[in-house]
Amino acid sequence: MDPSQLKYARTHEWVHLEGDVATIGISKFAVEELTDLVYIDLPTPGDQLTKGATFGEVESVKAVSDLYSPVAGEVVEANNALPDDLAALSDDPYGKGWMVRVKVSNASDLDDLMDAIAYEEFCKSQG
Amino acid sequence: MSYLFNTPQQTEEMLAAIGVGSVEDLLEQIPESLRLDRKLDLPAPKSELELEQHVRDLAGRNVTASSRSCFLGGGAYDHFVPSVVDEIASRGEFYTAYTPYQAEASQGSLQAFFEFQTLICQLTGMDVSNASLYEGGTAVSEAAFMAMRVTNRHQRVVVLGTVHPEFRQVLHTYTDLLPCEIVEIPCQDGGADLNLVKEQLDEKTACLVVQQPNFFGCLEDVRELSELAHQVGALSVVSVDPISLGMLERPGNLGVDIVVAEGQPLGIPLQYGGPYLGILACRKEYVRKIPGRIVSLATDRNGKRCFVLGLQTREQHIRREKATSNICTNQGLLALRATVYMSLLGADGLNRVAELSCRKAHYAAEQLTALDGVELMFPQPFFKEFVLRVEKGVERFTDAAREAGFDIGPLLRQFDSIDPSVRSQGVLVAVTECRSRDEIDALRDAVRDF
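Going line by line, the protein sequences match chains A and B. The first sequence begins at 1 in full-length UniProt numbering and counts up by one. The second sequence begins at 1 in full-length UniProt numbering and counts up by one.
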């Protein structure tokens with residue numbers, strides 16, 4: 001996945017929409033802030049996600065962080081390889097580190113997300 | 001605590017400070033009808049000497065397990081407690097510590113919990129144990145909730161009717177307002193009917209809850225039951241008597257996923273029914289779903305060994321909304337007692353306690369069932385406890401025993417959830433290593449002609 005083509009939430013999730021299925025992960029910035037990852041909890045296919053609500057959590061040696069869904073919809077797939085191989089998330093957050101695929105109920109959910117340039121600015125302001 | 005009274009002047013000053021005219025005004029929130037409109041009916045004041053005497057007299061009227069012969073069972077047992085358990089547990093460092101599991105806890109407490117977890121894992125054959133729970137009944141419920149989280153099935157829990165009626169009641173209370181169905185499988189001849197169990201297990205079942213030895217003292221086929229649970233993708237939860245593991249196969253070797261227990265037999269006196277100790281251990285893959293906390297071994301920045309609270313991100317004081325349980329009260333002092341008890345006895349000692357209890361229970365069963373009109377309700381293999389059927393009147397039977405100084409019970413009729421035909425004539429009898437052959441013989445003689 002090309003990070004410059006993705007949409008980003010203020011809570012550091014990225015979204016890639018293809019047809020009506022959105023792939024969701026977290027940004028490299030977020031992964032680096034979290035440092036050593038130890039655990040991830042993902043939803044299961046069939047779960048309904050609400051825009052802005054938590055859909056899982058990721059734990060590092062430092063803290064536990066909730067994952068917030070940038071879109072509403074039904075989970076069609078979760079990256080089940082991830083819990084056993086968190087290195088994939090650290091090494092390749094936009095590729096092998098994807099988290100869930102969601103059938104979005106409303107494509108306009110993506111409208112309030114940032115593009116890559118805006119997100120980069122946003123991260124700088126967070127730093 | 002010293003008793004300090006207020007002088008009238010001090011009372012005046014306090015009332016003036018908060019701007020209230022009288023003490024009566026402070027109480028105006030309480031409706032007139034609920035107030036006592038007379039003096040308290042107390043006896044005349046006593047001197048310290050008289051008071052001490054009075055309290056000692058009252059205390060002397062207590063009847064304890066040590067002043068009589070205790071054959072009581074049903075989940076709490078009169079096992080021997082070596083005096084060193086009291087000695088260590090009553091050290092001020094342990095005894096007075098407030099919430100000793102908090103992050104600022106002393107290394108001594110944390111090490112004790114770490115050892116407790118290690119011993120519980122060795123005892124049960126499981127990979128991980130938490131640092132204790134409230135007591136045995138709530139531990140069963142916590143295990144059921146944990147199984148729901150692991151399997152992501154929240155609709156159905158299947159429980160054998162041979163699980164302690166009070167444990168089942170706690171489970172019902174916990175799930176009362178949840179969309180979870182608790183399916184109870186009627187008891188057949190003191191044990192589970194595997195066909196009935198199989199019928200009730202389905203793809204929506206989170207777990208099968210079993211007790212070993214069961215409430216009636218009989219042994220269940222834990223391996224087979226666990227297998228049945230796994231066949232539908234459910235977990236196998238087994239509530240054990242920790243002492244029985246001195247003799248019986250460890251649940252970890254029988255395919256069990258979560259082991260829970262009432263830890264009272266491990267160095268904790270009967271103390272009128274509590275406080276007791278909940279035990280919960282499970283397989284490693286479920287560690288993230290465990291209620292409560294786990295104490296871990298770590299290394300500080302100077303490379304020294306230290307103990308820390310690991311895996312506590314689902315604790316109420318860290319992330320309340322993600323807490324796996326809101327009643328995972330840690331029984332620190334009692335976990336310490338269990339730790340001292342287990343480490344003192346070792347595997348051999350525990351085996352000896354289990355074996356003595358088992359042999360004596362079987363001797364007692366032989367002696368008592370040789371009497372007229374007294375028989376085993378369930379002629380099944382049992383560990384240290386069994387149900388007697390007394391056709392001529394079970395209450396007269398226990399009364400006769402009690403008059404002679406022997407406590408047996410509880411009577412099954414106090415448990416509504418047990419089948420009426422079993423309930424009316426049954427009484428539990430438990431025998432621990434503390435009972436002598438003479439005591440058992442004397443009990444037999446006392447009830448011979450009841």
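Treat the hints as calculated values from the structure; they're not laboratory data. Be a bit skeptical, because a hint or two may be false.
For lysine-lysine, the following PhoX-like pairs were computed, each having C-alpha atoms within a straight-line distance of at most 20 Å [to be verified]:
id, chain 1, residue 1, chain 2, residue 2
1, A, K62, B, K322
2, B, K322, B, K360
3, B, K204, B, K289
4, A, K96, A, K28
5, A, K51, B, K322
6, A, K124, A, K28
**Restraint status (C-alpha distance of K204(B) to K289(B) at most 20 Å)** = Roughly 19 Å between the alpha carbons, so the hint for K204(B) and K289(B) holds.
**Prompt:** Keeping to a limit of 20 Å between CA atoms, is the pair of K62(A) and K322(B) held or broken?
**Reply:** holds (17 Å)
**Request:** Mind checking the alpha carbons of K51(A) and K322(B) for me, to see if they're no more than 20 Å apart?
**Result:** The hint holds at about 19 Å.
**Request:** Starting from K96(A), check that the Cα of K28(A) is at most 20 Å away, please.
**Result:** holds (12 Å)
**Item:** Given pair status - K360(B), K322(B), alpha carbons within 20 Å
**Value:** violated (48 Å)
**Prompt:** Can the restraint linking K124(A) and K28(A) be considered satisfied, given a maximum Cα separation of 20 Å?
**Reply:** Within the cut-off at roughly 13 Å; holds.
Checked against the numbered hints above, the structure breaks only hint 2 and satisfies the rest.
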